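Colleague: Taking the hints into account, I'd like the entire structure generated from these sequences.
All residue numbers in the sequence shown are consecutive under our numbering, ending with 778.
Quick caveat, the hints were computed from the structure, so don't treat them as lab data. Here the structure is a predicted model, which is why all the values come from computation and not from measurement. Honestly, I wouldn't trust all of these hints.
[Stated by the list, open to error] Pairwise CB distance ranges (calculated):
1. Glu751 / Lys776: 37 to 45 Å
2. Tyr734 / Met711: 13 to 21 Å
3. Arg760 / Val716: 34 to 42 Å
4. Leu774 / Leu749: 32 to 40 Å
5. Leu714 / Val755: 18 to 26 Å
A virtual CB, placed ideally from N, CA and C, is assigned to each residue, including glycine.
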Amino acid sequence: MSTLSVPLTPQLEEAVNRLVKDGYGANKADVVRKAIKRLSEAEAVNAVLRAELEPTLKGDLRDLIKKI
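Modeller: The structure is reproduced here in structure tokens:
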């Protein structure tokens, strides 16, 4: 496991400390790991939702190719 050193604004540091205090994570590193994991999962969900908005083509492939 690698280690990162990330400067935080006072507001972010307070948020991390509050999340540790509230039991979201065992320590600051755990809170940050969980936050990154949640962001990654949210981005994956958003990618699927964006893909669902893309236009779809239905019908005979030969007819569709002629239209394109």
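Colleague: List in ascending order the numbers of the hints, as given earlier, that are violated by the structure.
Modeller: 3
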